[in-house]
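So the protein sequences, as listed, match chains D and L. So the mapping is simple: my numbering equals the position in the first sequence, first residue as 1, plus 357. So the mapping is simple: my numbering equals the position in the second sequence, first residue as 1, plus 113.
Since the hints were made in silico from the structure, they are not lab data. In this text, all values refer to a predicted model and were calculated from it rather than measured experimentally. Among the hints, erroneous ones may be present.
Stated by the list, open to error - Residues from chain D that face chain L, not an exhaustive set, calculated with beta carbons under 8 Å:
(1) 394
(2) 434
(3) 464
(4) 465
(5) 467
Glycine residues also receive a C-beta, built at the ideal position from the N, C-alpha and C atoms.
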Amino acid sequence: MEVKINVNGRVITDSVDADMLLLDFLRKHGCYSVKCGCETTNCGLCTVFMDDIPVLSCSVLTVRANGHKIVTLEGLQDEAKEFIGFIADQGAEQCGFCNPGFIVNTIALLRENPNPTDDEIRAYLVGNLCRCSGYNGQLRGIRAFLDYRDSRKE
Amino acid sequence: MTEKNLKVVGKGYRKKDSQQLLLGKPLFMDDITTGQGTLVVKLLRSPHPNAIVTEINTAVAKKLPGVAAVYTWEDVPKQRFTIAGQTYPEPSPYDRLILDRHVRFVGDPVAIVAAENEKAADAALKVIKVKYEVLEPVLDYHTAKDNPVLVHPEDDWKPMVPVGGDNKRNLVSAESHSYGDVDAVLATCDHIIEHKYHIRAVQQAMMETFRAYTEIDRYGRLHVISSTQIVFHLRRILSQALCIPKSQIRTEKPRIGGGFGAKQTAVNEVYPALVTLKTGRPAKMIYTRKECQICGSPRHEMEVSVRLGAMNDGTIRGIKLYTLSNSGAYSEHAPTTVHLSGTKPLPLYTGNMEAYSFDTEVVYTNLQAAGAYRGYGAPQGIFAVESCVNELAEKIGMDPTEIRLKNMVREGMVMPAYYGHTCTSCALDRCINRAKELFNWAEKYPVRDMGNGKVRTAGIAMAMQGSAISNLDVGSATLKLSDDGTYNLLHGAADMGTGSDTILAQMVAECMDCEPDDVAVLSADTDYSPYDSGSYASSTTYLTGKATEMACEKLKKEICQVAAGMLGCSEDEMKFAGKEVCRLGTDQKVSLKDVSYKLQANSNNSGIVTVSHSSPTSPPPFMVGMVEIELDKLTGKVDILNYLSVVDCGTVVNPNLARIQTEGGIAQGIGMTLTENVTYVDGKPLEDSFMQYKIPSRQDVGILRTEFEESYEPTGPFGAKSIGEVVINTPAPALAHAIYRATGTWFRDLPILPEHIVFGKQPFYDKE
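Just chain L, same shape as in the assembly (with noise of 0.2 Å):
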């Protein structure tokens, strides 16, 4: 590890805006856009998962006092976009209209309404009279493929880069990736694992819903608010699915109630902007829950097959993988997710393996569409790799924990699973060690009857992400001195509750020689951010942070330029030192101060730096999770009695907001794993409302125990990598493990509850 000397990063600061958000000011889009004669806007959805809307009435609609506009697909402009917020040209194939004669699944968009307020909203949607030419409608992933009934059989779909996918067989996208002969390997190895494992649809359940206001602003220009951590990939998509141009657009996020990869995708901000665009006057939607959970963004349901072969001796030899993923109507995030299914969960096993393949289609179906979901495919991949090797564990009588350092990626490794990247910061070997030691794996692993009908035991599990996509995410930061010596940091991230703003605000602080609340953090706007992809692929620590640390860099060379010019000397005989500017050798110096008031006199400097940053790499944070379970045999309950995690995330910035992401992401997993049910019939979910799906409460999650152990990245600023994602990771296999221990059955799919624990079976691992 590098020798650090850091005074702010690594320190617990509070978060810039906790004041502000526990005393409950109004800082949230409904909160800060309460003019009067915003127009409600709300829309009529599709009954049916495939249909075509042969005939459309609006008039008695229209006539009702306090309706504004009512919109059909002959309204709207008739170019495809897609909603994904992902980087120019998108992954995701060009597949939707604003609205569409075409309907693909229950929830669909028909007709969109604007009123006066909410009960004419709602009376409207009643009276508008369609008729549909109901078609059957592709319902199983499993046979979606080649299917005679197309999801998508327009002329007019275009995809924008080669993914594999073609629209007349349903498929989004298919990739083939190998290294080595695997089937060679696997046929010399002592020990095949060979399963199959489901991961559902499930919901991020942020607990703001998909919200945005539209306005025209004095300019004369579409003013947006949204709820979104991806203000620059939404003015695109605004101004592709409206067909306006860019320079008419601006967006701006303002405090977010929760992200997760649900707010990457501009769910429902068209329709707002469609109505203020077409009316002239502010807009506003705001998703019901029952919308978040019907027409969302969720993760994309994933049938992961592995074929695992390992020796005698537990070296895990070659590895196949199939994943099948389910897009839903549309494709937002499809070919992309399901590529991390294969590549985050393939390179923890880099230290003996000689080959490996890894095959993906994904496909269209008619149900609702999928999106990005904080792990992004990753998920669903290490449940499935990480349930194996616990079963190759159990299976040659091999501790879970030895295996694993005995496979697992180490410092300086070339992971071929990994684009061929070297593994330049990892300290997964130390995670597993210091976990096994806190958690005392050796008394919680084994199965301890309780005398009362109860059993508790232990599982575990391993997991990486990475950091930003790498080649092409784009972080930057403009750096401002202020009249009286502080900063302003603009940027176009998005803290969506994360505490992005604060930890840049350290970095700055760090670098400038200053306290955290000398830096003002201002983010995100269009108009004013500097360029950044969004928050999203764990990337604002590693890339926006490095962008910060470099135009930190920037500021004091000019800041030394502008202080050389006062004392009529070189540059080069200047040196920045927090407060003042010291001249080499001599006792003269210029206060920072008095430069700030120097760049506002005759000045020929602004004091302001920009700088932007991409990383070739994404190094990947690890982490290691042990959870304790106690099982009640006669209910098949599950409580969480204990979940450790220890955590790479390279320098810790923030240990506060950093053990908070960790135990929040365990806490989802722990959703995702046990509770967060989806049951389709017929097309629609039936879990539409917190009152079906149920997250966790305070009461399901135990005690969550979080620790730290740092390796150092040199390629991100002062040594950090990514910590948002890769905690989700490992509660999906270290719970099926612990159950496994309990029970004797292996669950392969998710949510496991308590009936298939009491039956001890599930109705997807009969079908295998």
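Bound-form chain D, shown alone (with noise of 0.2 Å):
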């Protein structure tokens, strides 16, 4: 099937099975920060922006992506350098298989609800899953920004 994608702001036309998979599709293309770790929706690593709202794109087949935009961590280099360091000054990005997935839903947080409680931050990220970290200093490196970003505001 033909498909008319816009990826990161650059309209890609494909022909693609079916059956193929957003993910697949994205990897295909150069998007190399899209990760699988499971196949099964439940570890959050493949997180990508369609039409500005997180989805899987483990769970999303290409054609029904057709003719709409979707946004990888390639497209938000710029908005995640601006809070990463955070995350780095916590040594909480590890391994980083997961990142992109953590980084790309951590946006949509922040876009959502500039200012999350710790709660708030914990059950949104819920389904990004991490196996180095243990979390916290992922929280951490969150509210540390906040911090400072609340601090130049002042």
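Since each chain sits alone in its own frame, please combine them into the complex, following the hints.
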């Protein structure tokens, strides 16, 4: 099937199988930040924006993305750069394999809720699994970023 | 503690790869091997736990469009090998073929398919016709030894070192250790605590599954890019499995998406390697999560039996330990993991220990083969012994922190249960006192009824591990002076996300009086890295770190030598001072940059040094874990409120990275204790996806707090010991302790599920 999908601001036209997952389509077109960790929609590693809503690209067929706007971490580099240093200051990126999904979903969280409580952060990101960090370092990093952001506003 | 005046070591530098990782750059195996024409490799797997392939027809599969090759047992070398990443000769007996007629667990490979794409490979798997002679399986490890059904009846089963095994008895290995007359000591004790504990074959569940890429390189050699912790062992394993010389193989690792010991075993590299050798084409194999769950390399299931003897005043005088370990269908890491189930818990109680005995047996069964997982047998033994100590404390009405302070190992003690080594660095007593204070133990430990059906209380455990395998592991560092006065560090250990590349660069920066940014690190590749056993056994900071420190001293000498030549004086007159080399007693100096340019013009010096290092001891890091839980008596749900870790890893090289190592280990330990279940039905694991196999989410771990109580290890780099493994050992006993406080029931089978808590019993517990 012919699809036309806007990926990170560039329109890609391609002929795809009806059962091709958006995850595989994105990797085929060079978005290597998008990772697969589980195949059962449990891990959150493959999170991307579809029309500004975070979705699991392993559970979206490519044909369903036809005509839609997809943004991966490749298309969010500037927004990501604002706060990833705070994660790095904790050492919480660790192996890094789950980072892209975590970063994309954190951007989604902060767009929806710029002033989340710790519990709101845990709840929003609960579907982003990480086996290395124990999660607390990621939370401390996000909190440090929010504190820094707020201190600059004042 | 030795006086320290460190500038770079001890600071929380960012990981050198942090920006690249956090921005999602293509750094992992599947991101960097995107060339056209790479074959997709998949395996047809046995549906039976024990069977002989009597007939296999691949004719139809081979004719399908897009299928490049199909291989069966007839197409592979007939030389047995092990896929355990261990120093040669490996303690794990050679019991594998790439494909065997005799399949020994549900998931054992029967055929290898290589195809142009995944769909063609899947189609081929469906049309391979196999006839099996189905045999009775050995599924219960309690009855495996001397069972008439043999998992490995073959005559070419080959132990490389004597480990007490016998394939004609389903025995992988057996050992006995003792000190003093433990039965006599136990006979005169006031209290005996005696129980069995059961730990399952839990999965490492690293986010990046097993994967490898293979191609023929520009010199016609096999080039392997694998997500592995053990590049050098992997090269040897491939050489043995494929019967080709090591000079014909190059293995390297890119960034690794987590390892935790799983990737200390060459789980799937042999399959694409065989395809590339046979077809000459690039090949790639990526395990699905399901494959990781059913044919990975999980923790060894163990049943640990403890008999602990103590006096009314809490003096622990003797422990008798017997561990039965289930290796599954193959022997990877089996004789060595079981060893740690005794050598890690027993030395913790050196204080008043008069005698101990420690016996092990490891058996083959027709289940998924186990391997190496963070802790490597220690979590099993520590869960058992620490639980017994907590039970003793409860029984005699003594505070569990006091009973530990009374009996624990302390600096300077000789540890009979730890190869007779002297404990050269230990802050365990300080850890426990600090933990009591930070955690507010006196307030948290009592059971508090919250008035809503929920109770709050706390539990404790302590732990140790090692730092590298003594008298065996090798760490090496090659340090080069670059022509602008910066440095290149080449090593063969594997940063699997831990940050070891960064802490090694910090060590260079400390020694060479520069910044970590001035040190470029590259690892690991069998062609350019100096030999390293690999990143396992908590070895990299301690061993590769020491080699790095030593390499710096050696390079400084060479730099002084070159500078002396430039000034026409003797080397002894020169002093290395970071950016320059000074001639003592004069104002003459040579800049480091000029020294490095000198190496490129009319030079007989290389400016490159390599140092290898082994250690006669494996100094233990120590820690204390305290957990506060809230338990819902109606539903049995356990919520972790706080988990405090106070860790003695010697000098902390990078507190941020050490903290994350700790918290990650605690989270894995929590998963093993509360949610990660492994249930076999007819030899098949039910929990074969993250849908069923529940690793903790960020709502399941509570607030983790980590503090360090430093000791100074004289044999470690800058006084450092290890951190990676010790941190997984305390959650199981600490949580079981807290759950006992809340419910009055000791649970001895992991995981402890809500239904166990509600009904007050467990399937295994009932058997006892």
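Verification of the hints:
With its C-beta approaching chain L no nearer than about 5 Å, residue 394 of chain D sits inside the 8 Å limit, and its interface hint holds. Restraint check, residue 434 of chain D versus chain L: the minimum CB separation of about 6 Å is within 8 Å; hint holds. Taking 8 Å as the C-beta contact cut-off toward chain L, the hint placing residue 464 of chain D at the interface is violated, the least distance being around 12 Å. With its C-beta approaching chain L no nearer than about 15 Å, residue 465 of chain D sits outside the 8 Å limit, and its interface hint is violated.
Restraint check, residue 467 of chain D versus chain L: the minimum CB separation of about 15 Å is more than 8 Å; hint violated.
In the structure shown, a violation is registered for the earlier hints numbered 3, 4 and 5, in ascending order.
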